[in-house]
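Trainee: These protein sequences, in sequence, are chains A, B and C.
First residue of the first sequence: 1, per my numbering; consecutive thereafter.
First residue of the second sequence: 1, per my numbering; consecutive thereafter.
First residue of the third sequence: 1, per my numbering; consecutive thereafter.
These are calculated hints, taken from the structure and not from any lab test.
A couple of the hints might just be wrong.
What the hints assert, rightly or not - Mimicking PhoX-like on lysine-lysine, the simulated pairs with C-alpha atoms at most 20 Å apart in a straight line are: (1) A:LYS247 with C:LYS158; (2) C:LYS158 with C:LYS218; (3) B:LYS73 with A:LYS202; (4) B:LYS71 with B:LYS14; (5) C:LYS194 with C:LYS218; (6) A:LYS32 with A:LYS362; (7) B:LYS14 with A:LYS202; (8) C:LYS218 with C:LYS254; (9) A:LYS222 with A:LYS247.
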Amino acid sequence: MSENTTIVENATCTFCGCVCDDMELTVDLDEKRITKARNACVLGRAWFLEHRHQERPAALIDGREVSVEEAIEEAAQTLVKARFPIIYGLSDTTCEAQRQAVALADFLDGNIDTTTSVCHGPSGIAFQGVGESTATLGEVKNRADLLIYWGGNPAEAHPRHFTRYAVTPKGMFVPNGKKDRTVVLVDVRATPSTPVADIFIKVRPGRDFEVLWALRALVRGKPVDPGIEEVTGVPLATLEDLVERMKNCNFGVLFFGMGLTMTRGRHFNSGALLSLATDLNEFTHFVAKPVRGHGNVTGADNVVSWQTGYPFGVNFNRGYPRFNPGEFTTVDVLARGEADAACIISSDPASNFPRAAIEHLKRIPVITFDPKPTVTSELAHVAFTTATYGINVTGTAYRMDDVPIMLRPAFESPYPSDEELLRAITDRVRELRNG
Amino acid sequence: MTDTLLLIPVRSNKQGTSLNVGKLEPEYQQVTSTVELDPQDMERLGLEAGNQIRLRARSGAEVVVTCQPRKAKDPSPGLMFIPYGPASSQLMEADTAATGMALSKHLEVQVEGPL
Amino acid sequence: MSTMLRITNGRVYDPANDIDGEIRDVCVRDGRIVEQLPEDAPTLDASGMVVMPGGVDMHCHIAGSKVNLARKLQPEDHRLDVHPRTRLTRSGTGGVVPSTFTTGYRYATLGYTTAMEAAAPPLSARHVLEELHDTPIVDAGFYILMGNNEFLYRLLEKGRMEEFRHAVAWWLSSTKAYGIKLVNPGSDEAWKGKRNANIVDLDQPVNAFDVTPRKVIKALIDVANDLGLPHPAHIHCNNLGHSGNYATTLETMKIAEGRRAHITHIQFHSYGGEPGRNPTSKAAEISEYINTHPNISADVGQVMFGKSTSMTADAPLAWMLRNVTRGKWVNADVECESGCGIVPFTYQEHVYTHAIQWAIGLELFLMAEDPWRMVLSTDHPNGGSFLSYPRLIRLLMDREFRREQAARVNQKALANTSLLDLDREYTLREIAIVTRAGPARLLGLKHKGHLGVGADADITIYDEQEDKEAMFNAARYVIKGGELFIDNHEFCADTEGRILHVAPEFDDSITEELRPFFEDYYSIRFENYAVDDRYAPHAEVIPTGA
């Protein structure tokens, strides 16, 4: 470690959707790395400390090192030639870059989708159907006396969710912190999150919808058959007890994770949970909140929504935005073999997507933007190495509760930002298309 | 022996931290190709910790992973858990039922092993 | 580079400068109106056309977290109304809550060049600014919600009015806001802290705090005046939408004690009758008060039949509407600052309440003796989309059309109003006042809303037509900041508008009190709260102070 260090206070961690903005980073300016990340959780520490300057070419075409300018030209040409170009990813970059990405899709008459479609996309669909009663995390900290986590494992996926926002902090109307709150965890298995809960309810896999619907019935005073236990693994008495707690709390919260959206029922599960929270408002104040994953996936939802009217899975082939999950979502356009070029921004579908989608990705020209090599960048036609948001570049990230936070970078990167690259490609695409 | 079990891909701390080291690095590869089974299921299938097993989806896709007994107190017979990654993706089907979301947490797979 | 343009032969309506339909030149140079131009300056022939300052919407909901939630909530509404891309302009979707680009282009198409987002929680100021950045052409600003602010309540409890003033100034400066907004003051504590209750009386104690709505209203009216803000406190009164609420509205106006205050969407606050029963019209009583109190101004918040979206910081109101529609509902609590509710809604001619709301709005327009203080709004998209302004203008200008429309609505409701007795027809001069000159003056935007020398060259040119709805539906030419954006009905350029905001000074010691409050009760760091200049790259600071 060199003498040449600096401290960045109030920096923001963009690894998970908690987007904690209280980091104190010690930066070794000579070695260009973060040596200490005070206040960071285990995931945040890895996010900051593992970010080392790597000697990699800024741009590659088919594995050959090229100038950034050359790669921008090739990317623009590739996208303009395509008949069904798709843009995907975007949850691990700034809103500023996301805005450019939608512009690129617009001027290409292309398709844009974000990692939302394989995360809380079903919750987005449910939201369109029934709405949502929700709150910022500070409100949860100040007021919530009943917390229910459903299908999520914050201890491992959002480690500071309990400690900074929801369970342990003392709030304005819950001055004793955890002592003033009841915590319920609903999942198919015990996890490292379970010890935090006062009540653990174990649901048979794929039976969340049945449990949620039974709760809705009980809240409305409708009878539920005791056979519910056989179907869901949860005794009726347990559900009745939970309903009493929900109706009698002062400020209740239902946090839910991908245990609902990725399993049998998908958007029906999210819709049932959102509706349950709404129903409970007949009795008390109740809110619900998807616990979002990647650092700025919530920003991606917001940007795509304000620019197009729709949150993800948007297609511009007709010169205006159209939305249809299943038709314009990325897994589908790849698995059906429709896309003929792909622009992947800070995401790794070649390792996360179903096999049929990956197989198609291998057949078409792919352009990647990523600070580190990934399975997707390995198969890319054009691969850009980019500066990392929140570590090397500033910009905006939206926390899971839609609160926008400005990022304070720790040190400069030799690589360009996603925003700069996307802007340059968009400008070139406009030149090429407008003649 | 072979049997059909329900595979549920999950997040774990290690998956999250190794991701930051790099997805092409050995640690991430190892974390995402280790599946946890209920000890009773392992015994029934004649498996020991560290054995290689083959998982086969209904689509025919298959992967070879390492198995470990699940350490949690609650029994979970019939269930397997694996951190998200390339192995779990191989087993997912591409049909999203018009949602954009492949069924990613409810995979019925055939288990074969030890190999 | 010097850009010049001489608009010739147009009939000019510039009420702020007492020009009433005179045929005369308007000269533009470097973004401003000038006295004269060289002989060879380029000209635009406006023969047969009407020239007005660009429209100014002082109360609409177009950007920020609640708007975006409402946008996301209604894909069915976007699908029916697409906005295609051109070589120059971005695509988008319309409906009652259009995408950002579409919002900017459509405002420009109507001839509007300035718009004020009316309710932003300070915590999401960045979000508002990001969306306004993507709302092209129009200059814009926003009001921050201050009427349910817990830190301010604490100061108010102790009567620390000097610190109160500094804190409000800090909040305005830190968020790049234009003004102070109050929404159903006191209600959020009841809503969030007392099982979805509401507050109904100005003297009722606010849940958990030793303040009352009256105290909050008085303090914020005073602070806006004391800071010399260009626009006074912008007040959404308590009891919106409830029968009998006109008494609360009158009482609220009296709290100002002669000081400036703006009552927004006053139509929604002009109802007689008993709570829970059908409303009656109290437009006459409200108009009488405003006509005789020059310190008070209002925008109407006209209801227009058809699809709307109720989106409001008044969460208990949205819950009430949800219990009417039993449909989609959004609630969004914002820590320490605000609440929010969203309900898609349709105003229908045959429904008693909707018809009387429509009629009361028109009564308020037609009874206003001073149109400079009773300006046009639909509280977009609450009472209806801003796209319905042309129709509203026709309702005001065309008595026969108004009667035809009145014949279609619930007659029992109509009979409980004096609408059919009101023969007044607005003139083009009066339309120019309620859509441009008036709002600009109420906002304290000295360089907007008129065409005098030195004013911003924000100019709209309409074809003069008998059918005023057709006339105001699409401007033939629109100039913003001296640049031509709509040329013979076609967009010929695209640009970002400016952000209009205030930056009143405050004593830095207030931050020493704010910081620990943030540490205890907010979920983001105090140091990360203030919005920096990058969020408003084209900003204009409107001066404050005496």
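Trainee: Let me make sure I understand: some of the numbered hints might not hold for this structure. Which ones are they, in numerical order?
Mentor: 1, 5, 6, 7
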